[in-house]
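One-letter residues, chain by chain:
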Amino acid sequence: MLYQSEGSQAIAKAVALCRPKVICAYPITPQTHIVEKAGELVRSGQLDGCEFINVESEMAALSVAIGAQSAGVRSYTATSSQGVLYMAEAVYNASGMELPIVMTLGNRAVGAPINIWNDHSDAMAVKDAGWIMLFAETNQEAVDLHIQAFKIAETVKSPVMVCVDGFILTHAYDRIDMPSQDEVDAFLPPYNPETYLDTHDPVAMGAMVSPEYFTEVRYLAHLRKKDSLEVIRRIGNEFAKQFGRDSGGLLHEYNTENAETIIVAMGSMVGTIKDLTDELNAEGEKFGVLSIASYRPFPAAAVAESLKNAEKIIVVEKAFALGVGGILSAEIRLALNGGAVVTVVAGLGGRNITKQMLRECFLSKTDEETVFLGLKRDVISREYRPNC
Amino acid sequence: MSELTLGGRTVQATSDRPNTLTSGHRACQGCGEALGARCVIDAAHKAVNGKIAVVNATGCLEVFSCAYPENSWGVPWLHSLFGNAAAAATGVAAAMRLSGREDVRVIAQGGDGGTVDIGMGTLSGMFERNDDVLYVCYDNQAYMNTGVQRSGATLALARTATTLPNGSYMGSDRKTGKFMPQIAMAHEIPYTATASISNIPDLEEKIEKAINIRGAKYVHVHVPCPLGWGYPPSETIKIARLAVRSGLFPLFEAEYGKVVKSLPIDEIVPAEAYLKPQRRFAHLFGKNVPRDEADFLQNIADSNIRKYGLKSGGIQND
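Protein chains in written order, with this note's numbering: chain A, 1 to 388; chain B, 1 to 318.
Because the hints were derived from the structure by calculation, they are not lab data. Each residue gets a CB set at the ideal place from its N, CA and C atoms; glycine is no exception. A portion of the hints provided could be inaccurate.
To be verified - Listed next, the stretches of chain A that the computed footprint assigns to chain B, with coverage defined by at least 3 CB atoms under 8 Å from CB atoms of chain B:
no.: 1; region: 39–53
no.: 2; region: 63–75
no.: 3; region: 128–139
Said to hold, decoys possible - EDC-like, lysine to aspartate or glutamate: derived pairs with alpha carbons at most 20 Å apart:
no.: 4; chain 1: B; residue 1: 307; chain 2: B; residue 2: 188
no.: 5; chain 1: B; residue 1: 261; chain 2: B; residue 2: 208
no.: 6; chain 1: B; residue 1: 51; chain 2: A; residue 2: 198
no.: 7; chain 1: A; residue 1: 286; chain 2: A; residue 2: 246
no.: 8; chain 1: B; residue 1: 51; chain 2: A; residue 2: 283
no.: 9; chain 1: A; residue 1: 274; chain 2: A; residue 2: 360
Please model the complete structure; the sequences and the hints are all you need to start from.
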């Protein structure tokens, strides 16, 4: 069904179509509209057989989902920023226990200084927690990725985080093609776990593992996570076949084939970048865009293949490691076995990323390795006094 | 206490006890928590024909019972984290309800650290929502698993690894320790009780009652720790009994925030009788101990005896 919807409300509707039995949430901006809508869908009877549980913290939100999923039912929660850090211990726990929980991360900066607006610092803070992490470019993709997320999670026994840019997507009204319940039911089978808390066949979940076996447990988890790359690709293809939208998979390539310069990015800014490169290419430039759809596990081989003929690679990222530099850039460099990559840090704490700013940056001949887009130099020169 | 007739036997004394926490686990000799947990889970198991699932907080009980590739539990059992047992149990209870298994009762359990300190937020949330969970705290009054550090439930003036008496410093600060049953009662949940491993019939009766109530239930079990408290492992039951007899651990039940019944002490003893055999209080019985320090815990005991009517035949409201 085509209709006009706020991103958050469409996400909640898509989640409801996946028939979770437990939705638990603690409010945090900009995730709030998602859980408000989810609660409404449960209480109005539109999502039958589901409980919406208001909890007292993000730690409890994910823990309730952990308990419910351990007892054998499909569970969902959503958070942002400080919230994902407050539940960080449970984030690791859910993946270590191989619980296929789906969580939306409405991406937002992490304080201090406190800031409620969008960047990717929150996702980067939990990038190594063992979750599959998918990034949505548009609200249509956000809808589609949530439907795929449950199927991926349950196929590979891993929690999946769907990363959706706070405000830019969560609060934006877009044209959404919402699948019907029958279509989603045909795509996503009922949850049928192998191991769960069952009085007829008691199991102990969450055992302590000593040095004797810990390496093996982690190595197996590593292998399974790497194997899930193929599953993410396959389920993306299945979705495309059934729904006619290529919104999942590992990467989205745009004019990369004959590009001299390839811009690598994730999330909503990809749309702006595609628009800009269209303009630049019309002016005779040769730009391509590579959007990372599956950030975790990281599709290093596919990235290397896509970038192999590029003369210049520019990675635009909405987070960076203080005192180190770009995070995605470092992974791109590793995938390429070294090589020059320009890092553009952009959109921190919700600063707008405009085509004009990016145009100057992409066409610049500077050999700076890390560029901070739109940095107010006068503020820096006034405030910065070297300590040594 | 009931007569020792065949029919009046405790679950623990019957040959067909469920044995939900089997032998071979790694608890210390004389561990009060291992005994308490076995009695609690066996009693619950028997009361509802084995239809229980257990969520365990991180701590001694979890560590000594589930070291891969072994595990001692004969019930569906989940360990997630230190501070989230109550929330995870909320999720388990919801899942049971939503998958046609309403008959399965959910128990969350943890030590005092996992309950009154790091897990208190999730526990309070579970109480406030009146989720269908029985939470059992095994209180040994310190972080035993990490080496006997002070918790919010540590009794005043106790010596722990982080409250070593030194000069005029007399051990854990002069608070009474956070008494979780009163905090549970403030949430006006359907049922709150305290129990002691020195009185198994009473403990089993309370668990049997609690597990059959729908909504949030809280049972706080006093479980001495020979290693952390500094007494011989053979004395665990005796120490537990002295805690009750001194008045320092009152036994009572409350419904919707109101005490409805307390168990009168059969033979009141001075606090000193409980404190002196334990190394954690040895510094209170040396030379030059200020009078008010020595009297402080006796005053708490006296206050409990008055407050819960432990001398006068107890409170009998039901």
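Checked hints:
Coverage of the region 39–53 of chain A by chain B holds in this model, with 4 residues showing a Cβ closer than 8 Å to a Cβ of that chain against a need of three. Under a criterion of three residues with beta carbons nearer than 8 Å to beta carbons of chain B, the stated coverage of the region 63–75 of chain A is upheld, 12 such residues being counted. Under a criterion of three residues with beta carbons nearer than 8 Å to beta carbons of chain B, the stated coverage of the region 128–139 of chain A fails, only 0 such residues being counted. Under the criterion of a C-alpha separation no larger than 20 Å, the hint pairing residue 307(B) with residue 188(B) is consistent with the structure, at around 19 Å.
Using a Cα cut-off of 20 Å, the hinted pair residue 261(B) and residue 208(B) holds, with the two alpha carbons roughly 16 Å apart. A distance of roughly 9 Å separates the Cα atoms of residue 51(B) and residue 198(A); the hinted pair therefore holds under the 20 Å criterion. For the hint linking residue 286(A) to residue 246(A), the alpha-carbon distance of about 24 Å lies beyond 20 Å, and the restraint is violated. At most 20 Å may separate the alpha-carbon atoms for a hinted pair to count; residue 51(B) and residue 283(A) exceed this at roughly 72 Å.
Our distance criterion of 20 Å between C-alpha atoms is met by residue 274(A) and residue 360(A), whose separation comes to about 15 Å.
Violated hints for the displayed structure, listed by number in ascending order: 3, 7, 8.
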